[in-house]
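A.B. asks: Residue-level listing of the chains:
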Amino acid sequence: MRKPENTIGTSVPEMRSALRTHRFGWFEIVMLVVFVAVYYLLPGYLPLATQVAIMIIFAISLDLALGYGGIETLGHAVFYGIGGYAAGLYALHVWQEPISGLLVAAIAAGIFGIVSGVVVLRAKGLTLVMLTLACATMVHEFANSMRAVTGGDDGLSGYRIDPVFGLFRFDLFGRTAYIYSVCILVVVFLIARVVANSNFGLTARGIRSNAQRMQLLGVPVLNRLVLLYAISGALAGIAGALSAQVTKLVGLNTLAFTLSGNVLIVLILGGIGRLYGAVIGSIVFVVLSDRAAAIDPFNWLFILGGLIVLTVWLAPDGIAGRFSALTQQLRGRERKS
Amino acid sequence: MEFPGRFKHFVGMACFAAGMALSAEAMADTIKVGILGSFSGPYASWGVQFRNALDLYQEQHQSKAAGHDVELIYRDVGGNEPARAKQLAQELVVRDGVQYIIGLEFTPTILAVADIATEAEVPIINLNSGTSSVTRASEFLTRTGFTQWQVAAPAGEYAFDQGKKTAVIVSADYAPGKDALDSFRYGFEKKGGKILEEIKVPLGTTDFSTYLLRIQEAKPDVALVFMPVGPMSVGFLKAYVDRGLLKAGIDVYVGAEVQETDLPALGDAAVGIHSVFTYSPYQDNPENTAFVEALTKKYGAKGLPNLATVAAYDGLALVYHMIEATKGKKDGTAAMDSIKGLTIQSPRGPVTIDAKTRDIIQNVYLRVVEKRADGVLYNKTLATQEAVKDPWKELNPE
Amino acid sequence: MPSLSTLLSLFIDGASYGMILFLIASGLTVTLGIMRIVNLSHCGFAMIGGYAALALVSMGLPLLAALPIAVLFTMAVGFLLEQTIYRVVYRTHEFGQILMTLGLTYLMVATINLLFGSLMQNIPVPEALNGVWLAGGLTISKYRIFLVAVSAGVAVLLWATFEWTMFGAKLRAAIDNPRMARASGIDVGRLLSVAFAAGCGLAALGGVLGAQMLPLEPFYALKYLVLVLMVVTVGGLGSLKGSLVAALALGLIDTFGRYFVPEFGGFVIYVTVFAFLLVRPRGLFQNA
Numbered sequence: 001m002r003k004p005e006n007t008i009g010t011s012v013p014e015m016r017s018a019l020r021t022h023r024f025g026w027f028e029i030v031m032l033v034v035f036v037a038v039y040y041l042l043p044g045y046l047p048l049a050t051q052v053a054i055m056i057i058f059a060i061s062l063d064l065a066l067g068y069g070g071i072e073t074l075g076h077a078v079f080y081g082i083g084g085y086a087a088g089l090y091a092l093h094v095w096q097e098p099i100s101g102l103l104v105a106a107i108a109a110g111i112f113g114i115v116s117g118v119v120v121l122r123a124k125g126l127t128l129v130m131l132t133l134a135c136a137t138m139v140h141e142f143a144n145s146m147r148a149v150t151g152g153d154d155g156l157s158g159y160r161i162d163p164v165f166g167l168f169r170f171d172l173f174g175r176t177a178y179i180y181s182v183c184i185l186v187v188v189f190l191i192a193r194v195v196a197n198s199n200f201g202l203t204a205r206g207i208r209s210n211a212q213r214m215q216l217l218g219v220p221v222l223n224r225l226v227l228l229y230a231i232s233g234a235l236a237g238i239a240g241a242l243s244a245q246v247t248k249l250v251g252l253n254t255l256a257f258t259l260s261g262n263v264l265i266v267l268i269l270g271g272i273g274r275l276y277g278a279v280i281g282s283i284v285f286v287v288l289s290d291r292a293a294a295i296d297p298f299n300w301l302f303i304l305g306g307l308i309v310l311t312v313w314l315a316p317d318g319i320a321g322r323f324s325a326l327t328q329q330l331r332g333r334e335r336k337s
Numbered sequence: 001m002e003f004p005g006r007f008k009h010f011v012g013m014a015c016f017a018a019g020m021a022l023s024a025e026a027m028a029d030t031i032k033v034g035i036l037g038s039f040s041g042p043y044a045s046w047g048v049q050f051r052n053a054l055d056l057y058q059e060q061h062q063s064k065a066a067g068h069d070v071e072l073i074y075r076d077v078g079g080n081e082p083a084r085a086k087q088l089a090q091e092l093v094v095r096d097g098v099q100y101i102i103g104l105e106f107t108p109t110i111l112a113v114a115d116i117a118t119e120a121e122v123p124i125i126n127l128n129s130g131t132s133s134v135t136r137a138s139e140f141l142t143r144t145g146f147t148q149w150q151v152a153a154p155a156g157e158y159a160f161d162q163g164k165k166t167a168v169i170v171s172a173d174y175a176p177g178k179d180a181l182d183s184f185r186y187g188f189e190k191k192g193g194k195i196l197e198e199i200k201v202p203l204g205t206t207d208f209s210t211y212l213l214r215i216q217e218a219k220p221d222v223a224l225v226f227m228p229v230g231p232m233s234v235g236f237l238k239a240y241v242d243r244g245l246l247k248a249g250i251d252v253y254v255g256a257e258v259q260e261t262d263l264p265a266l267g268d269a270a271v272g273i274h275s276v277f278t279y280s281p282y283q284d285n286p287e288n289t290a291f292v293e294a295l296t297k298k299y300g301a302k303g304l305p306n307l308a309t310v311a312a313y314d315g316l317a318l319v320y321h322m323i324e325a326t327k328g329k330k331d332g333t334a335a336m337d338s339i340k341g342l343t344i345q346s347p348r349g350p351v352t353i354d355a356k357t358r359d360i361i362q363n364v365y366l367r368v369v370e371k372r373a374d375g376v377l378y379n380k381t382l383a384t385q386e387a388v389k390d391p392w393k394e395l396n397p398e
Numbered sequence: 001m002p003s004l005s006t007l008l009s010l011f012i013d014g015a016s017y018g019m020i021l022f023l024i025a026s027g028l029t030v031t032l033g034i035m036r037i038v039n040l041s042h043c044g045f046a047m048i049g050g051y052a053a054l055a056l057v058s059m060g061l062p063l064l065a066a067l068p069i070a071v072l073f074t075m076a077v078g079f080l081l082e083q084t085i086y087r088v089v090y091r092t093h094e095f096g097q098i099l100m101t102l103g104l105t106y107l108m109v110a111t112i113n114l115l116f117g118s119l120m121q122n123i124p125v126p127e128a129l130n131g132v133w134l135a136g137g138l139t140i141s142k143y144r145i146f147l148v149a150v151s152a153g154v155a156v157l158l159w160a161t162f163e164w165t166m167f168g169a170k171l172r173a174a175i176d177n178p179r180m181a182r183a184s185g186i187d188v189g190r191l192l193s194v195a196f197a198a199g200c201g202l203a204a205l206g207g208v209l210g211a212q213m214l215p216l217e218p219f220y221a222l223k224y225l226v227l228v229l230m231v232v233t234v235g236g237l238g239s240l241k242g243s244l245v246a247a248l249a250l251g252l253i254d255t256f257g258r259y260f261v262p263e264f265g266g267f268v269i270y271v272t273v274f275a276f277l278l279v280r281p282r283g284l285f286q287n288a
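From first to last, the protein sequence lines are chains F, V and E.
Going by the UniProt record's numbering, the first residue of the first sequence is number 1, and it counts up by one from there.
Going by the UniProt record's numbering, the first residue of the second sequence is number 1, and it counts up by one from there.
Going by the UniProt record's numbering, the first residue of the third sequence is number 1, and it counts up by one from there.
Among the hints, a few may not be true.
As the list claims (entries may be wrong) - Below 30 Å or equal to it, Euclidean Cα-Cα: the simulated DSSO-like pairs (lysine-lysine) are:
hint, chain 1, residue 1, chain 2, residue 2
1, E, Lys223, E, Lys241
2, V, Lys64, V, Lys247
3, E, Lys170, V, Lys238
4, E, Lys223, V, Lys238
5, V, Lys380, V, Lys356
6, F, Lys124, E, Lys223
7, E, Lys223, V, Lys178
8, E, Lys142, V, Lys200
9, V, Lys247, E, Lys241
10, V, Lys178, V, Lys389
11, V, Lys327, V, Lys32
12, V, Lys371, E, Lys170
13, E, Lys223, V, Lys200
14, E, Lys223, V, Lys219
15, V, Lys371, V, Lys165
16, F, Lys124, E, Lys142
17, V, Lys327, V, Lys178
Just so you know, the hints here were simulated from the structure itself, not pulled from any lab data.
Here the structure is a predicted model, which is why all the values come from computation and not from measurement.
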């Protein structure tokens, strides 16, 4: 691959941030500390923390497609659901080993990403949004009608999951589930970073900023987008598979519009196109909805709706964006003084 | 221990702490009961009914059972979200140390928490999921709602007994709808009736004109209908009546679709619709009169109960019984044993927990919607089939 | 082979369903055409209209009297929101707009839930429109005929406004090229405000009249959003004619599909839309 093409179409600050993220920053360290601290300090909240970890993986996958490739999708749950069903069916019929289950799910979702990507990614804007939505709805309907395979509305259940590495049983306290999910999260985060900062990732950003120019420069735009979509899908599939293994049940809700909407909210809340926005958004969203639902479930939608409106109003680039803008301001001031 | 090396020490500590919490809970005077339900989202009406019943029961019993305080901990599942249901159940057991869990509306959410019931030996009372097989998912599961087979199979029989020889079955196209299809057919054919057609309606359908046209063209004596309660059930029945099918002499038999709480949405169109179900707030028995009176006194007109309310009320009654049987100690097996074969006088009539299957045995009523002189729509009981067991379990022994 | 009367029944059912979709979608396509804003709250205005009519009817007003009041009320709400929150929406980036209007929809859902409860509500149809006409083997719902007549009238009115009035000409110019329109002295902002409020009114009309087919409940605003978005996309952004054709086509395809291939029931419409958008990603009529 010729090197120079990657930089074209990418603005200078964007390049700088891309280069900078090659190193491990304070953010990764803080995150690791938080994850370890949660384990020891909040043992009663591990099931919740597991849900957060799964949501982060899902949001990261969406960030790759949306934030880096500019693929506007309102049907990302389709990968989550396919991953979940793949992992569930694999455990039910083939082997109960969890890690191979994740791989199977990733492959299944990835293949679906290639197939559907080739078809839908020719479109842009609202049409693309509608196509992804229609695509997810079709798979949802399909899973509902294939009752013999998926269990339909009753959900796919009745499978067991073996201990991780044959050693760590999924326990009642959710300890194994938590550590397992966090480890997978770390792996997914690293994969996403490598992809995002590779030549390929930079090409994707170029396509996002100006697809036409990239096309003229000889970049096979559709090819690249499909590949990115497939990788994003595979990671989303892993999130779905994790949920399937932890919950030991896959429901139709894993394919539903609500989930696609929620993950979008998470990502935009946190901040698009910077991976750790997905992390912050997931923590805020999942924890807040858990707390709000415990305190005042009836009016939870008020809080969520208000929060969304306020975030877009006051921090259009998401919480992470707001934060990095702040730190940049501070840095600027330091330099001046 | 499950974790090697550096984790080991901490895991040990965490286990110890959690164990302490659990055993302390058992000795203390407060017994916690987790309530899982949909208190927000499209299914929030379930949560409201659960809460009405549970709060009333607590009030009537001063929150005391066997000398212990009973505390209810509400958690919102917010709909059919199995992953969330499991997370909340886990936290209720591990963090809050609940001894019992009541609630849950959907088959997937119940199945997702079944594991926890088994592993933690926490009895879970399923208030609504009508899938027959769910009670088999764990030794610690029981039910105070109803099973789809329990009401739909008798509906098929009743329809035939009323002189209907041919039927069309209409059902929403999802798993509970499949149960309804099979059980309607089972009941109707057992008596010698003939099913002309099965019509499956996709979930989320709100325009039913084409399905009604197909019923009209099939010309059956009766339509046996199952729709999820809400927009689909109301929409279908309204369109059914509006299209003149009822007037044309095609009777319609349903189950939960015409509960009194949903009748206002149907309006006068509902008059003449038959249903086979297990509860009506206008049913005449002393327990029910007292129950409805207490609810309307506490909540006003909004307190009008439906089966969800009664199921929650009976569910907490079972929990109180289990607390008394175990004297407040955490012993899931003894608690479950104490309710096997137990009969309670529910507002819906006598209810028994089957000693073998842990499923509910209850009366099933044939009713028809009528309008009272004061304009209130209600279900008038026409016939009663006593102590109906779940037919599916009889047909599919373990 | 189904009889002629069956086909005719299906046609009327499908057409009336499609016309309701058109009423709700028409406002959305115009605002989308001018501002390129995906207003996910649009169905919320249909819901507000429906509930306003419900409140009025339950106070004892006849439906036909409640209808215009509900429509005006919704227009007022729409206008107010457009003057305030939407000003912020216009300024943010594309996905911010999606998110913000989604958040606004949540607020609408929560408000309706608080005021009217989560149960489904029913607006009773006036006696005169209740029931069916029987003609030969044909049963036709009176209400459906009424629906088709009213919405066809509205469509003609819209078309006339669009084609023959100064306002319509300005609107067309703004949809065609907002910048150009602005440059030639058209106050696009004001135009948009008016179009937005009118669109909300149309949605409210659809919400009230269509309550028999798209029943009122707090999640109405989210539930039928996809359907309406499909109409707008298939029709082409900014094209009223496109929306009309698309809505009718989708209504008919859905109705006929459910009758002739019941095993694919809910599928048909999504497959059709999916296939169509692949062939014509810009929809039926879009010049931009």
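A.B. asks: Taking 30 Å as the top limit, are the C-alpha atoms of lysine 371/V and lysine 170/E close enough?
C.D. replies: 56 Å, violated
A.B. asks: Would the pair lysine 247/V and lysine 241/E pass a check requiring their Cα atoms to be no farther apart than 30 Å?
C.D. replies: Cα-Cα ~40 Å, so violated.
A.B. asks: Would the pair lysine 371/V and lysine 165/V pass a check requiring their Cα atoms to be no farther apart than 30 Å?
C.D. replies: Given that 30 Å is the threshold and the Cα spacing comes to 28 Å, the pair holds.
A.B. asks: Next pair to validate is lysine 327/V with lysine 178/V; report whether the Cα-Cα distance is within 30 Å.
C.D. replies: 42 Å, violated
A.B. asks: Given the hinted pair lysine 124/F and lysine 223/E, is their Cα-Cα distance within 30 Å?
C.D. replies: Distance ~24 Å between lysine 124/F and lysine 223/E Cα, so the pair holds.
A.B. asks: Straight-line Cα separation of lysine 170/E and lysine 238/V no greater than 30 Å?
C.D. replies: 44 Å, violated
A.B. asks: When you check the alpha-carbon spacing of lysine 124/F and lysine 142/E, does it fall within 30 Å?
C.D. replies: At roughly 43 Å apart (the allowed maximum being 30 Å), lysine 142/E and lysine 124/F break the hint.
A.B. asks: Would you mind confirming whether the straight-line C-alpha gap from lysine 223/E to lysine 178/V stays at or under 30 Å?
C.D. replies: The hint holds at about 24 Å.
A.B. asks: Next pair to validate is lysine 223/E with lysine 241/E; report whether the Cα-Cα distance is within 30 Å.
C.D. replies: Status holds; Cα separation ~25 Å.
A.B. asks: Verify the proposed pairing of lysine 64/V with lysine 247/V, using a straight-line Cα cut of 30 Å.
C.D. replies: Since the Cα atoms of lysine 64/V and lysine 247/V sit roughly 53 Å apart, the hinted pair is violated (cutoff 30 Å).
A.B. asks: For the pair supplied as a hint, lysine 223/E and lysine 200/V, is the alpha-carbon distance within the 30 Å limit?
C.D. replies: Since the Cα atoms of lysine 223/E and lysine 200/V sit roughly 21 Å apart, the hinted pair holds (cutoff 30 Å).
A.B. asks: Under the criterion that the straight-line Cα-Cα distance not exceed 30 Å, is the pair lysine 380/V, lysine 356/V satisfied?
C.D. replies: 33 Å, violated
When held up to the earlier numbered hints, the structure conflicts with 2, 3, 5, 9, 12, 14, 16, 17 and fits the remainder.
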